[in-house]
Amino acid sequence: MEETRKNLLEVRDLKVSFFTPAGEVKAVDGVSYTLGYNEVMGIVGESGSGKSVEAYAVIGLLQNPGKVIGGSITFEGEDLLSYDEEQMRNMRGKNISMIFQNPMTCLNPVYTIGNQLMEALTCHDDKISKEAAKERAIRMLELVGINNAEKRVEQYPHELSGGMRQRAMIAMALIGEPKLLIADEPTTALDVTIQAQILDLMKDLQRKENTSIIFITHNLGVVAEICDKVSVMYAGKIVEQGDVGDIFYDPQHPYTKALLASMPRLDEEEHERLIPIEGTPIDLLDPPQGCNFGPRCKDCRKICLTKKPPYADLGNGHISACWLHFMDGAVKKEEA
Amino acid sequence: MADFSKVSPFQVDPSAIEEAMLLTPEDFAPASEGEKESMVEKRKSVSYWRDAARRFKANTVSMVALFIFLACLFFAFIGPKLIPYSYGDQYRSSQKLGPGEYSEGETLVKNASANFDVFYATALQPGSLTALSKGDHYFTYKGRTYAFTCEKNYEDVIVAIPKGESEPVLIRQADIDPATGAVAKSEPIAVTDTPAEGATELKMVSRVFPHVFGTDSVGRDLMARTMYGARVSILIGIMAALIVLIIGSIYGAISGLAGGAVDFVMMRIVELIYSIPEVLIVLLLQVVLREPLQLWIDHSDSALAHAAGALGSGIICIFITFALLYWVTMARIVRGQVLQLRKQEYVTAAIALGAGNKRIIKRHLLPNCVGALVITTCLQIPSAIFLESFLSFLGLGVSAPMASLGSLCSDALPTITLYPYRLICPAIILTVIVLTLNLVGDGLRDALDPRLKK
Amino acid sequence: MVTYTLKRLGAALLTLLIIMTITFFLMNAIPGSPFLTEKSTPQQIALANAKYGLDKPLIVQLKNYVVNYLKGDLGTSLKMQEGTPVRDIIFHQDKFIISIKLGLLSLAVAVILGIPLGCIAAYNRGSWLDGFLRVMTTVGVAIPGFVLATMLLWIFAVKLGWLPTISGQLPDFKSYIMPVISMSFYYVCYVAKLTRTSMLDAINQDYIRTARAKGVKTKMIILKHALRNSLIPVITYLGPVTAGIITGSFVVESTFSIPGLGKYYVQCVMSRDYPVIMATTVVLSALVIFMNLVVDIAYKIVDPRITLTNKED
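Residue numbers (the numbering used here), protein chains in the order written: chain A, 1 to 336; chain B, 1001 to 1454; chain C, 2001 to 2313.
By construction, these hints were calculated from the structure, which means they are not laboratory data. All the pointers check out, no bait thrown in.
The calculated DSSO-like cross-link candidates involving lysine-lysine, where the alpha carbons are at most 27 Å apart (straight line), are:
hint : chain 1 : residue 1 : chain 2 : residue 2
1    : A       : Lys130    : C       : Lys2224
2    : A       : Lys15     : A       : Lys67
3    : A       : Lys94     : C       : Lys2217
4    : A       : Lys130    : C       : Lys2217
5    : A       : Lys26     : A       : Lys15
6    : C       : Lys2224   : A       : Lys151
7    : C       : Lys2217   : A       : Lys67
8    : C       : Lys2219   : A       : Lys130
9    : C       : Lys2219   : A       : Lys67
10   : A       : Lys127    : C       : Lys2219
11   : C       : Lys2217   : A       : Lys179
12   : C       : Lys2159   : B       : Lys1096
13   : C       : Lys2224   : A       : Lys94
14   : A       : Lys127    : C       : Lys2217
15   : C       : Lys2300   : A       : Lys151
16   : C       : Lys2219   : A       : Lys134
17   : A       : Lys130    : C       : Lys2300
18   : C       : Lys2300   : A       : Lys134
19   : C       : Lys2219   : A       : Lys94
Only chain A is shown next, with the shape it has when bound in the complex:
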């Protein structure tokens, strides 16, 4: 009974458009999900599917020419879209934090790690003393597994390795003890061994700090590792959503299936050939009338050409937007 429990974050029918000289780009077109306390949700999709834009809308970091043009974002019962810039600023870093993809460019090169960590505290709390802030910064760096934290706070970003910097980014995001952490491809820019370490760290911290996480990635393997539930996005829409087990072992939407088939899986005995998804994502400036995935779908039907599919309820909170579920006059789940 998801609905009865109070949720940390509810996003309903969120629409974000970029108004470019070439026309309106519907980057996010009617995205809905709920995120409970202490829950980790993955948002998966190819580049340009709107997953980052959706997250920026939640934390209020959309830049011109991007604008929220519809829907609602409710955080602990408060409507975030009605907040002004100053209220949003107070939310950021304190209640909602974000980690970004590239730790190489996301830290300001001209300030020390400590300075940037402390800033996350001091900009929300005028009274905190410098010493206390520094103490917190050091403790936080230790928590994310950085050795020699006393020395590291005095160092500049360029003196740290990529993995270290991402740890520092995580420390910076968590220092304000946020209720929600949005991680936008936090491991993409790192090499595989470091990726695993960072994922372990996040899993660990999530348990310790009771933070909810929205984990944005194009890597389904990462999702399986850390998430409770998954939303699969394609061209600005969520095409399938459900528990991580359902999505992985019982994918229903052709896009999810294609995505899974295109990824190497370690849990399967026989090594199947990887099948790439043919074609390229649609042009969001000029989306098709029918299903967005239609042009690339292996099982495209006539109805897919003209009409967008509604969500089919497949039980256990598992939904999928595909016409195939409505064949033969009944909502049908494909047998695994």
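Position chains B and C against the provided structure of chain A, taking the given hints into account.
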């Protein structure tokens, strides 16, 4: 099968599902490949240059600047052909005129031209040498030769053809009513077969044209001089930019490609040149080079010396200065580009295939540097114009009777209190040329290198 | 740091030596003799040459210059102020002080006005203020200094009579206004343009997004995170600005009849006063080289990524 005992997730819209239940099996017939493809229209991919041209055209400011610059080019290169004055000609009766004014003689001719097609007027002739002098004169008009003799007041003579007639007549300025242009008296001119021995031939057909920018103290038309000066300035700018382009890109490419010790030494030389306060050296150079250059121009018969003679030693000095000192920025940019491109796979591949340095420069590096080269060269032109005008202002650039925008400003400085327009006109043209070139350069940069656009 | 400074000083001395050599051969290549006048006989010229050591081989003369300079002896003037030690001409007469005063003032104006104007434009990007500043800076970098100087002279001194036509020895505040504006306007505009561009560049960087995600106030984002990063290219430009302002002083001094070093230098070149030419060139070059050193150190302060010991691009 779906479990309907639970409450559906909120995303699921029951009415949409009810609607979906009404679909027929035909709706679920597989779609053909063609149908799938027709769902999305492919956007045409455009070439780099096409795309750059489109971006440039979309940039209103740069387009306007380009048109104004073209207008300046027209002013500088076509303009002199449209006005009857030349940059070096001195009109004795036209000294110190204000903008748009006529000299007294010109006013008379202008007024008289209501009744006559003016054919020749002393007031419209530059200097004293070509002007009508005492003695015998002849001219040819419609296949016939006319001759007349001036004894006195030869400076007032106007040869003109009355409207509607075919015979030229001789008029004295004194006989023209200054207000109405009515001519009180005119003399016919005799037709002869052979002009007298030693007679001067009159050839000029002159129009009356206002001195739009006024005239200077020796009666030179300032618009003609400004046009000429603009031409000189633009040519110097372009030439200097080309010199910089050639030397800078060769130096930079060699330095970047050679790498190692060669690169190190070459870059130290660049740094050294950067540290020199160039203007001090330029001033010294100008003084040093002037005399030997003049000697060479006067005594050498080579085509190069003749070309240099046409330009004047001042301009040659400016070119030499650019060739010696101003290529360093270009060299740095090219070297940076080369270093960046050298890391690219296709260059590595070319090296692996055994391509020589020359070939790599020609086939791979230069074509890829072209954007940066075009932008830097375009922005080099205004800075060369700046330097030239600066040197001319200090009296070290072009020398009279030649003019450049800088020397015109410099000439006007002593009399600024009396004749401010003498400074304002060339100064505005100079500013407009530099401004539009800068804007065109900025537009080119935005168009050629979209990454730089912010 | 110490080794770096020593290395840089060594390089600076070497650069000065090379500049001295270039200047020496250039000024000796000026045709004619400093002592050649209508009345002078060859004997007189030879005598004068011997007196000032100009009869020695060039290489010996150059060596003498270098040795004397190392001793702090800049020689004596041959022509302009015959017999006066060059050191007195440069350091104890008003010329040098006037030029330096004007130059430093203009440099300060360029930085103090240019950087904030650039920030204001970037901060109010797209507003009418930004538009106005963009037009002003774009036009500003297209007006040559001498045009601006003469225009100012004509409007404020001749037409309106508010300011003196001749600034002369710069006796009061009023006499500074026009020379400083003419010398600095171009650089104010250039610095403002540069600051605006690099500020906008910095604002689009990932670390600004990080700062916003932390909840840092917009004002702080601009003043702390964007400004310091955007100063890097501006600082790089300050070296050339110094050289440019020295250049600018030449025309401004001649326009406003200021008896500064620039004008004096031109006269010295014309009259072949070798020791003065050499000393002026060396002193001004040293100034530019010194500014470049200051710039490099300022660089290090602003950008911790730059290590002074191995500065390779």
